[in-house]
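These protein sequences, in sequence, are chains A and B. Position in the first sequence (first residue = 1) + 1386 = our numbering. Position in the second sequence (first residue = 1) + 32 = our numbering.
Be aware that a few hints might be false.
For the chain B half of the interface with chain A, some residues (derived, Cβ under 10 Å), not all of them [to be verified]: (1) A86; (2) W87; (3) F99.
According to the in silico footprint, chain A covers these stretches of chain B (three or more CB under 8 Å from chain A) [stated by the list, open to error]: (4) 46 to 52; (5) 69 to 83; (6) 149 to 160; (7) 167 to 178; (8) 192 to 200.
Hints were generated in silico from the structure; no laboratory data involved. Bear in mind that the values here come from a model prediction, so they are computed numbers and not experimental data. Built from N, CA and C at the ideal position, the CB exists for glycine as well.
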Amino acid sequence: MTEDRFERELRGFLVERAPGAVSPALRARLQAVAAGSPARSGGWIGGLGNAWRAGVLLAGTVAVAVVLLALLSHMDAVKVRDSGQIGAPSAAPGLTALPFITAPADLFTPAAVADAERRLGAVFAATGVEARLFVSPQASGTQLSAPGGWPQRFDTDGRPDRDILGVAGIAPDGAPVCCLTLAGDLILRARDIGAWRPIDQPAALGGDLAAATAEFRDVALDRFVRGIEDLAPRLGELENKGWTNDDIQRTAGLLAVLVPLILLGLVGLRRRSVLPTAVPGSMTGGPELVEVTPMAALAAMADAPMPAKAQAPTLSVSTPPLVPWEGGDGGTVRRFGLPAWPAWAVRSDRTWILITFASLAALGIVSVIDLLLPATKAVRLDPSLDGVGVRPAALSLVPVALIGIVLACLLAYARQGRWRRRMGVLALLVIVGWTMSVVVDQTSPVSRNPDRGWVSGEGGEVAFGMGGLTEYVTYRVAPGEPFTMATTIRNPGILPMTVLGLDGVSTSQPNPHVASIVSLGWVPQPTDGSITFLSAKAEDASASWPVTLAPGEQLAVVIVGRGGPCADAKGTNISLPLSHLAIRYRVLGLERTTDVGMPAVVLVAEKSPCTVEVPGGTVTYSNPGD
Amino acid sequence: MLASRTVHGTMDDRATAFAALLDRGLETHYRLAAVILGDPTEAEDAVHDAAVVAWRGFAGLRERDRFEAWFARILVNGCRDRLRARRRRPIIVAIPAFGSTDAGLPQERAADAGTDLAIRDQLERAFARLEPEHAVVVALRYYADLSVPQIAARLGIAEGTVKSRLHHALRRLRAAVDRSEEAQR
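Build out the structure end to end from the sequences listed, making use of the hints.
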């Protein structure tokens, strides 16, 4: 066959496929398209011009990307604080020289100090690790602060990531106030992987520092130096290792969220022009299914006239225009007489995806908006008042609504597609949902901090057990008398976390009338970085909540407790400990509560037996043996 | 002139303008959809769906002079997607009954008619098996009589892509026709 004839045949074949005129039924359907649409075509977002749509998409994507990238980089870029409100000068004097060991003259023997100086000097020369132990007399046992100028003044070689400063205090009565550990990033990473034995860290030196003679206290010095000697050679290996497990975990978590979102955006925003067949008035957006028996179908086929090819269909001209059903009770399903479901609103894929991205961007903004609020210490903590910093539980409506919109839009988007899209959206929801639940669960305040930095308040009697690894603090207070202690809580997650305060009042157990924790404050720091100042004094604390912590950031808090009717200022019986704080916090806009363990075993002297009045009578509590 | 008016207006104005613009090229669009899909009923659905999409985006259409091309692109893309969806279902090709159209013709003309019928049958089958993108390009070139640059502009693809698709589509159609001729011999 020649080319000409082939082309002729092809053209003839195509012309033969063309039907006659447009049927009146189609004209009627087309009339209903414009007549039945909402006042603004395509809804609010469909009515936006391309430039606006692109702008909304861009803004949403940028917002989500900024949030996620900022989380990846520990929020340093978006952390905004009112520097004028941050902290006060350190209470401890600065150093005039820079020895490795700074301590009162009679705390250690001179030989031990000289030996420690020599060994730490050797470590510094070999590995660049500047490790110092700073023990200074404190005005009281309720405060502990690092010397001013940390970390710049203590970094003589320009490598602050290898610097260590162990801080301990000596109260006026000679009792040690232990301890703070300030360290550079590389040291912290080494500690996290176990390269620095906990028993050798400053936090574990308290028991030995409390010994009666300088010779026994030298043990603490020797343990500190030995720990540094073991730690320093492992830093090179860690430095070459590059990424830590935390980095990998954080990055994997963010990628697990980011990649599905990008895929969703690419798939959902690609150019598509076909919607599912939308017959106005149908219940599902697709063609209505009519139940027909096989015999009836055969009879209808036998009776039906053969349509003429390439001729105009001869449908009735009087077919009324189809009008979309507007809802209400006008429509009923024929057989059962039940009201029909409202027609499914078929929108373009882009609409659903754009609303999803906008909601996610709003969720991202909600999650970081706390970071933009300046921390303030305008309200001082008052131990005579109960309920300061107590935050009653409340439902987080805005993030729940936003998450609901995201889910609804994704389901609508999936419903408009075929099985592949539905499976994809399902997989996306499972992956992102699981990842986010893990990430959010991980972002909860903890006090199990290797630093174990804490100080007792006035009247607290500190005792050390197990070589300093277990510490006890006993308060002897009268009924209604307050007591305080200071500790740290940390955000270990990869999301910013806003501490809202206490979720109610925690009481001692099993006798809740011995003591309870009634208020919470926080201690501003001299620097906007690591904690260098702990104080259990109410006048040093702010009661302005909430406070937002970036990933990895710590907050020094002051806990205010109050003796109950069974507390005894001169008692010898000791209650079971106050074991935890119920902390209310917010992550991604969602409020939650977690129990944070106390840094030391907190005991309160009690009357035993003790009778208290309760609604409906009296109850007597007594310890076994009383 | 309607086509040069600004888009901004009341809802009624917009609906009226949309209906007028749609009606102006409706026959052409409908026939093109039927040629691509090979099914007048499905072509009606395709035109309706394209109208729904076009109406939703009509407010954003700044140049009404370009409505025809814009609507045609929506329609052709819709037809292409319908062909893709159809590939997962059995292909049904209508074959006219033998003897129903050739009765009373001289023997040689009846033989020619039989050959033509066989060629059309093979074209029908081969066209139904074409890739959706290829079928669309063939219909635009040999039914709508658009040039390669016009097809490229209509579909938003490169001219080279159009040529490539045409080449592969024609080669497959031609192979089908040749097989039919050899079988006749």
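Structure-based check of all given hints:
1. With its C-beta approaching chain A no nearer than about 8 Å, A86 (chain B) sits inside the 10 Å limit, and its interface hint holds.
2. With a least beta-carbon distance of about 5 Å to chain A, the hint placing W87 (chain B) at the interface is held under the 10 Å criterion.
3. Below 10 Å, beta-carbon pairs count as interface contacts, and F99 (chain B) has none with chain A, the closest being about 13 Å; its hint is therefore violated.
4. Check on the stretch 46 to 52 of chain B: 4 of its residues sit with their Cβ under 8 Å from a Cβ of chain A, so the three-residue criterion for coverage holds.
5. For a cut-off of 8 Å, the count of residues in the stretch 69 to 83 of chain B with a CB near a CB of chain A stands at 10, and the three-residue condition holds.
6. Proximity of the stretch 149 to 160 of chain B to chain A, defined as three or more residues with a beta carbon under 8 Å from a beta carbon of that chain, is established by the 5 residues found.
7. Coverage of the stretch 167 to 178 of chain B by chain A holds. Counting CB-CB distances below 8 Å, 4 residues qualify, and the rule asks for three or more.
8. Counting residues of the stretch 192 to 200 of chain B whose CB lies closer than 8 Å to any CB of chain A gives 0, so the stated coverage by that chain is violated, three being the minimum.
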